[in-house]
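*Asks:* Sequence:
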Amino acid sequence: MQVKSFFDKDTATISHIIIDETTNKCAIVDPVYNFDLNSGRLTTTSPEELIGFIIQHNLSLEWILETHAHADHLTAANYIKSQIGGKIAIGDGIKQLIEYWTPIFNTGADTPKSGAQFDKLFKDKETFNIGNLEAKVITTPGHTPDSISYIVEDTIFVGDVIFMPYLGTGRADFPGGSAEDIYDSIQKIYALPDTTKIYMCHDYPAKGENPEWISSVGEQKEHNKLITKNTSKKQFIALRNARDKQLAVPRLLLPSIQTNIRAGKLNDPDGNKISYIKIPINKI
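Numbering of the sequence shown is given in my numbering, commencing with residue 274 and proceeding in unit increments.
Take these hints with a grain of salt, some might be off.
In silico SDA-like pairs for lysine to any residue, Cα to Cα no more than 25 Å straight-line [unchecked claim]: (1) Lys354 to Asp283; (2) Lys461 to Leu525; (3) Lys282 to Leu310; (4) Lys518 to Lys556; (5) Lys354 to Glu294; (6) Lys354 to Gly325; (7) Lys538 to Gln275; (8) Lys461 to Lys480; (9) Lys393 to Gln275; (10) Lys470 to Gly404; (11) Lys393 to Gly381; (12) Lys461 to Thr428; (13) Lys551 to Leu525; (14) Lys298 to Asp345; (15) Lys502 to Asp454; (16) Lys538 to Glu294; (17) Lys282 to His330; (18) Lys480 to Asp517; (19) Lys494 to Thr504; (20) Lys507 to Glu492; (21) Lys393 to Leu440; (22) Lys470 to Leu310.
Pair by pair, the computed Cβ-Cβ distance ranges are [what the hints assert, rightly or not]: (23) Asp397 to Glu372: 34 to 42 Å; (24) Ala511 to Ser548: 18 to 26 Å; (25) Ile547 to Ala464: 48 to 56 Å; (26) Lys502 to Asp541: 46 to 54 Å; (27) Lys546 to Asn503: 56 to 64 Å; (28) Thr295 to Ser505: 14 to 22 Å; (29) Gln519 to Asn311: 22 to 30 Å.
It is worth saying that the hints were derived from the structure and are not from the lab.
Virtual Cβ for every residue (Gly too), placed ideally from N, Cα, C.
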């Protein structure tokens with residue numbers, strides 16, 4: 274297995290391409306669409322970088338894997354599928370988010386509650402293949418109720434459940450989020466062998482420093498600033514909840530959520546053939 278990672282500076286997001294070198298089949302994890310909030314302009318610099326790599330290396334895209342419906346970037350899953358194929362997958366818990374958010378955005382007409390806009394809704398412990406690579410899904414809720422992680426060989430792709438040790442973990446104050454659930458989810462990760470590589474979805478380096486996105490179970494258990502192997506659930510919940518009270522609403526929360534629960538599809542155009550991002554007033 275080979276993993277190629279791409280850092281989107283604007284959203285501090287890392288997208289990964291998982292490659293089975295025996296078949297040239299691959300999967301993308303957490304692709305980013307480029308959205309400028311001030312202008313409302315949607316561009317494709319980041320997804321085209323992924324697509325270009327796949328084409329240049331004669332790979333065949335089998336899966337576009339979402340770890341959850343992100344609140345800090347729009348997913349490029351639907352765009353990538355339209356260009357080079359691949360099945361879009363996310364955790365079955367997405368139905369809970371659709372149920373919560375669709376009435377707020379009033380987008381029931383173009384956001385199926387069943388999750389049919391995704392090609393596959395994964396449940397806990399399901400397995401699937403990327404070429405000859407066997408991948409396993411584990412549910413890791415807490416950041417969001419639909420959060421899942423993908424285990425491939427000695428590597429796990431964790432989305433936002435955990436960050437590099439100096440950052441700690443993802444926040445737990447989104448709808449359906451829970452610090453208690455994050456703690457339980459991380460115990461699943463910590464139960465893996467210490468040598469298991471952990472690929473992150475985000476990093477926020479200080480000015481002048483390069484982003485990092487690979488850690489290990491052993492490193493996290495010893496050095497994570499919020500949850501080591503010795504941290505009790507009570508201690509973690511207190512730390513996580515205190516931290517969340519200091520955090521602002523993500524800049525792209527509203528554009529991201531309404532797009533991501535549709536697998537990256539835009540709103541159905543109005544009569545003037547223009548798609549719109551909806552901003553509900555006094556609902557967040």
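*Asks:* Now tell me, hint by hint, if it's right for this structure.
*Replies:* Structure-based check of each hint:
{"no.": "1", "hint": "Lys354 to Asp283", "verdict": "holds (23 Å)"}
{"no.": "2", "hint": "Lys461 to Leu525", "verdict": "violated (30 Å)"}
{"no.": "3", "hint": "Lys282 to Leu310", "verdict": "holds (15 Å)"}
{"no.": "4", "hint": "Lys518 to Lys556", "verdict": "holds (18 Å)"}
{"no.": "5", "hint": "Lys354 to Glu294", "verdict": "holds (21 Å)"}
{"no.": "6", "hint": "Lys354 to Gly325", "verdict": "holds (14 Å)"}
{"no.": "7", "hint": "Lys538 to Gln275", "verdict": "violated (29 Å)"}
{"no.": "8", "hint": "Lys461 to Lys480", "verdict": "violated (33 Å)"}
{"no.": "9", "hint": "Lys393 to Gln275", "verdict": "holds (24 Å)"}
{"no.": "10", "hint": "Lys470 to Gly404", "verdict": "holds (20 Å)"}
{"no.": "11", "hint": "Lys393 to Gly381", "verdict": "holds (20 Å)"}
{"no.": "12", "hint": "Lys461 to Thr428", "verdict": "holds (14 Å)"}
{"no.": "13", "hint": "Lys551 to Leu525", "verdict": "holds (12 Å)"}
{"no.": "14", "hint": "Lys298 to Asp345", "verdict": "violated (29 Å)"}
{"no.": "15", "hint": "Lys502 to Asp454", "verdict": "holds (16 Å)"}
{"no.": "16", "hint": "Lys538 to Glu294", "verdict": "violated (31 Å)"}
{"no.": "17", "hint": "Lys282 to His330", "verdict": "holds (24 Å)"}
{"no.": "18", "hint": "Lys480 to Asp517", "verdict": "holds (23 Å)"}
{"no.": "19", "hint": "Lys494 to Thr504", "verdict": "holds (9 Å)"}
{"no.": "20", "hint": "Lys507 to Glu492", "verdict": "holds (22 Å)"}
{"no.": "21", "hint": "Lys393 to Leu440", "verdict": "violated (31 Å)"}
{"no.": "22", "hint": "Lys470 to Leu310", "verdict": "violated (34 Å)"}
{"no.": "23", "hint": "Asp397 to Glu372: 34 to 42 Å", "verdict": "violated (19 Å)"}
{"no.": "24", "hint": "Ala511 to Ser548: 18 to 26 Å", "verdict": "violated (43 Å)"}
{"no.": "25", "hint": "Ile547 to Ala464: 48 to 56 Å", "verdict": "holds (49 Å)"}
{"no.": "26", "hint": "Lys502 to Asp541: 46 to 54 Å", "verdict": "holds (49 Å)"}
{"no.": "27", "hint": "Lys546 to Asn503: 56 to 64 Å", "verdict": "holds (58 Å)"}
{"no.": "28", "hint": "Thr295 to Ser505: 14 to 22 Å", "verdict": "violated (44 Å)"}
{"no.": "29", "hint": "Gln519 to Asn311: 22 to 30 Å", "verdict": "holds (25 Å)"}
Violated hints, in rising order: 2, 7, 8, 14, 16, 21, 22, 23, 24, 28; the structure is consistent with all others.
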